[in-house]
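Engineer: Next come the chains, spelled out residue by residue.
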Amino acid sequence: MSELKQELKEKIIEQLNLEDISVDEIANDDPLFGQGLGLDSIDALELIVMLDKDYGIKLADPKEGRKIFESINTMAAYITANRTT
Amino acid sequence: MKPSSFHIASYCRIIDNNIVKNDEVLFTEKTGDLSSFLKKAYKHMEIRYPKFFKMDTLSKLAFIAAETLLKDSVEKNTALVFSNKSSSLDTDRKHSASITDSVHPYASPAIFVYTLPNICLGEISIRHSLYSENSFFIFDEFNPRLLTDYCDSLLSTGKTEKILCGWVDVDKQEYDAFLYLIARTGVYPYTTDELTRLYRKT
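Quick note, the sequences are listed as chains A and B, same order. Counted from 1, the first sequence has number 37 at position 38 by numbering that gives the first Met the number 0; the numbering is strictly sequential. Counted from 1, the second sequence has number 44 at position 45 by numbering that gives the first Met the number 0; the numbering is strictly sequential.
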């Protein structure tokens, strides 16, 4: 799981162009949206695409993303339980 | 107020890895591609605005040019009137490549949202909290006469008292930005001849 968390941090920084943030600065329980990393609604859509493309997970209801994308911990737990690739 | 009583308060030209403001070179970077140049310019100008890195190249170029002219003070009713030749073609190509990718044909939301040229006006408006008039025209080349006609209409009808106007074009590694701020006071006369002179000069 810790490998996956590291991988997610790297992917988020790269795919969401978080140039000023390093992997070490993202704690596993940091909120990804709002006061945490400050991601926005377009970032949320990119994360949904990333789940599909990289882990074979299709979110039927984008509202599900709110809980899944709370933090690296919640993302990693969801991916571990639902990944198809 | 009559448009003839307005001036060009300042101008910015970004071309050939140089950023010029009012005849003065503010930043030069001779190596690297356009993306690298804009990133270095952002750091050189000590801007703190993480959303810059999420923008497409056209918006980044427009953002840096606007920042050069608006960072010290900006009136909230500053209209934006931009133009270019390539529209959002540079980003349209990236979107096209992403949806026709042979392995992962996905539409990237972060790319798709920039597939209109006027999105760069929105980025500048958000950055400077502008709720003003804005327009984006597509011309074959920088056309000071048409831009001046449109700006004169905004000024003479009292829609705005300041206008950030000009040309911002990106196509692959080719780029050219020339923005000027029209205001009541300024160092350059606000005429099409002067605009042509300033554009050709740099």
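Because the hints were derived from the structure by calculation, they are not lab data. Keep in mind that this is a model prediction, so the values were computed, not measured. Among the hints, a few may not be true.
Claimed, not checked - BS3-like cross-link-like pairs, simulated, lysine-lysine; straight-line CA separation at most 25 angstroms:
hint	chain 1	residue 1	chain 2	residue 2
1	B	K75	B	K200
2	B	K93	B	K70
3	A	K10	B	K200
4	B	K93	A	K52
5	B	K93	A	K4
6	A	K4	B	K50
7	A	K52	B	K42
8	B	K53	B	K158
9	B	K20	A	K10
10	B	K84	A	K10
11	B	K39	A	K62
12	A	K10	B	K29
13	A	K10	B	K53
14	B	K171	B	K29
15	B	K42	B	K158
16	B	K38	B	K20
17	B	K200	B	K158
18	B	K50	A	K66
19	B	K200	B	K50
20	B	K70	B	K200
21	B	K38	B	K53
22	B	K70	B	K53
23	A	K66	B	K84
24	B	K158	A	K10
25	B	K39	B	K171
26	B	K171	A	K57
27	B	K53	A	K62
What the hints assert, rightly or not - So, partial list: chain A residues that the calculated Cβ filter (under 8 angstroms) puts toward chain B:
hint	residue
28	I12
29	S21
30	D23
31	E24
32	E45
33	K52
34	L58
35	I67
Glycine included, C-beta positions come from ideal geometry on N, C-alpha and C.
Engineer: What are the numbers of the hints the structure violates, in ascending order?
Structural biologist: Violated hints (numbers, rising): 1, 2, 3, 5, 7, 8, 9, 10, 11, 12, 15, 17, 19, 23, 24, 26, 28, 29, 30, 31, 34, 35; every other hint is consistent with the structure.
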